[in-house]
Amino acid sequence: MSEQGTRGEQGMRGERGDRGTRGDRGTRRRGRPSLPWIAALAAAVAGGCAPAGDGRAPRAPAQQAAPAEGAPEATPPAAALREQPPPSGPARLARMPAISWAELPTGLSVATAVHRALPLVEVRVVVHGGSAADGERTGLAALTGELLVHGGAGGLSGRELLARVASLGASLRVDTGLDATVIGLRTTPDRLAEAIELLGLVVQRPRLDAAELGKLKARAVEAALDRARLDDRWGALMVLFRDLYALPGELHPYASFAATAAELPKITAADCRAFHGKWYVPRNTVVVVAGDTTPEAVRAAVEKAFTDRRADEPPALSFTDPVPPGSLKITIVDRPKSAESELFLGVLGPERRDPAWPSFAVAGEVLGGPSGRLSQDLRARRGVARAAAAATLDVAHGPVPLVAHARAPSASTGLVAEELLAHAERLAATTPSQEEVEVAARRLAAGLGLAVETAGGLADEIVALQVLDLPDDHHDGYRRELRDITPVLAGKAAADHVRPSRAALVVTGDAQEIGPMLSRFGDVKVVDPTRAFERKRTIPRAPGGAPGQAPAPDGAAHAPAQDRP
408 MSEQGTRGEQ GMRGERGDRG TRGDRGTRRR GRPSLPWIAA LAAAVAGGCA PAGDGRAPRA
468 PAQQAAPAEG APEATPPAAA LREQPPPSGP ARLARMPAIS WAELPTGLSV ATAVHRALPL
528 VEVRVVVHGG SAADGERTGL AALTGELLVH GGAGGLSGRE LLARVASLGA SLRVDTGLDA
588 TVIGLRTTPD RLAEAIELLG LVVQRPRLDA AELGKLKARA VEAALDRARL DDRWGALMVL
648 FRDLYALPGE LHPYASFAAT AAELPKITAA DCRAFHGKWY VPRNTVVVVA GDTTPEAVRA
708 AVEKAFTDRR ADEPPALSFT DPVPPGSLKI TIVDRPKSAE SELFLGVLGP ERRDPAWPSF
768 AVAGEVLGGP SGRLSQDLRA RRGVARAAAA ATLDVAHGPV PLVAHARAPS ASTGLVAEEL
828 LAHAERLAAT TPSQEEVEVA ARRLAAGLGL AVETAGGLAD EIVALQVLDL PDDHHDGYRR
888 ELRDITPVLA GKAAADHVRP SRAALVVTGD AQEIGPMLSR FGDVKVVDPT RAFERKRTIP
948 RAPGGAPGQA PAPDGAAHAP AQDRP
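Each residue of the sequence shown is one higher than the last, beginning at 408 in the numbering used here.
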């Protein structure tokens, strides 16, 4: 689960022939996917929001006693006498190498990026069907992907298949995200054709055995039960995405973050076969190869291994715009006797193809980047939160979530919630400073494509671009857009989309202790994660509380900002 900013990319697209750079593929493919969801979310929220070290604010340096009057001057240490190195220059921006594209007669696409640093090749098979395509069977895409890898294929049992893969010095990996399933492995150049042959079996001729599915479901149910009991972030995000992507008469494809232990047993082998038949078709599949090889060798191996001739189009998913809450929506995921709380405040921003997207991404970085307002105020200056940050999350369709996160002791939960709301309100009401915008834009630009120095990182970056339907030269185009963002543009994007009074606030913690604190901001729903998030009770808004309102944080903690008329 990914992060990773993207923007209005329509002007960067071009037509692609049989081989060359990838152009606009959106006219052919509907219901496009995103990065592996949980991995991307963990990177954006857990990594981006977690503090360095032990989570405490940095200590001030110790004071040294002044030397006594008349004492001889101390000799500086040898290290201090050495010539200091010059200041470092600007960070070197990662550049995507050329990607060679081919489309087979079946409609299957092949991308090859040559990377000869090591005698290794990374292979990814991307199927544009992830958990957004689950429909009424939440968890179906993920279980189908696992069954492909562990259930055998062709004439090979599951154990025989994995033994064949191990003989290549490789291991199969599957990652089902919100909108895509990615199956990958690493091998050496001399075994590439054999590795791709095995991937062709897995993707096109899986056994989808009912007995093996039963074993996978049992393990998945046990893992879901453990998450419901122990994983605070999982519990909060289950509710947050349901609230952000609410629709009055239908289930939004992004509303189900993951399957609960009660939902998984309903999935049958027939469901997996039907899902495979609809989504695992050539026109919905991309093979990505990066490493010590050539485009010609890759195409020859893929043509030989992927022989499915079905011309079916994948189903089209309905991505109706979600209906934002009419007022601040507050939910507690109850963890009795918990000493800490995890707080998530989510709003929906513009779509990635909206011209305002780069400005919105910069505004989000101003709020929650490593040097952003939340971290500087709640952690470094005041020390009331052990983690505080915000990030936009990768989705391929419709409004993109901006999620602010904080971790705090239970006793500080009300204060931290108040400050999250106040910072969001301030971001929407005032124009950020020039310095804030420049720092945010530089960080976003420098973070693009950091992993492309390795074959595995390069393969994953190509997958990221492909599943989000971005062009090969996206990074260069996005960096140009970021350079043009002004404080006025970032402020307007925040004013248009960061509305705390229409946000979702989800807090994991001890409802008995933190419920009265949060009820100052509105009615509070309390749910039980161990009972499929069943409502336990509702705590009414405290008398005199103003839903979604909070006093502005101390302006001295931030760079100067101007009130917007």
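What the hints contain is simulated information worked out from the structure, not anything from laboratory work.
For each residue, glycine too, the CB sits at the ideal point set by N, CA and C.
Keep in mind that a hint or two might mislead.
Claimed, not checked - Across the chosen pairs, the derived CB separations fall in these ranges: (1) L658 with A505: 21 to 27 angstroms; (2) L857 with R788: 25 to 31 angstroms; (3) E567 with T701: 40 to 46 angstroms.
Stated by the list, open to error - DSBU-like mimics (lysine-lysine), calculated; alpha carbons at most 30 angstroms apart, straight line: (4) K624 with K899; (5) K932 with K673; (6) K943 with K932; (7) K932 with K744; (8) K685 with K624; (9) K744 with K685; (10) K899 with K673; (11) K685 with K711; (12) K685 with K673; (13) K673 with K711.
Evaluated hints:
no., hint, result
1, L658 with A505: 21 to 27 angstroms, "violated, 42 angstroms"
2, L857 with R788: 25 to 31 angstroms, "holds, 29 angstroms"
3, E567 with T701: 40 to 46 angstroms, "violated, 31 angstroms"
4, K624 with K899, "violated, 47 angstroms"
5, K932 with K673, "holds, 28 angstroms"
6, K943 with K932, "holds, 8 angstroms"
7, K932 with K744, "holds, 18 angstroms"
8, K685 with K624, "holds, 22 angstroms"
9, K744 with K685, "violated, 46 angstroms"
10, K899 with K673, "violated, 46 angstroms"
11, K685 with K711, "holds, 23 angstroms"
12, K685 with K673, "holds, 19 angstroms"
13, K673 with K711, "violated, 37 angstroms"
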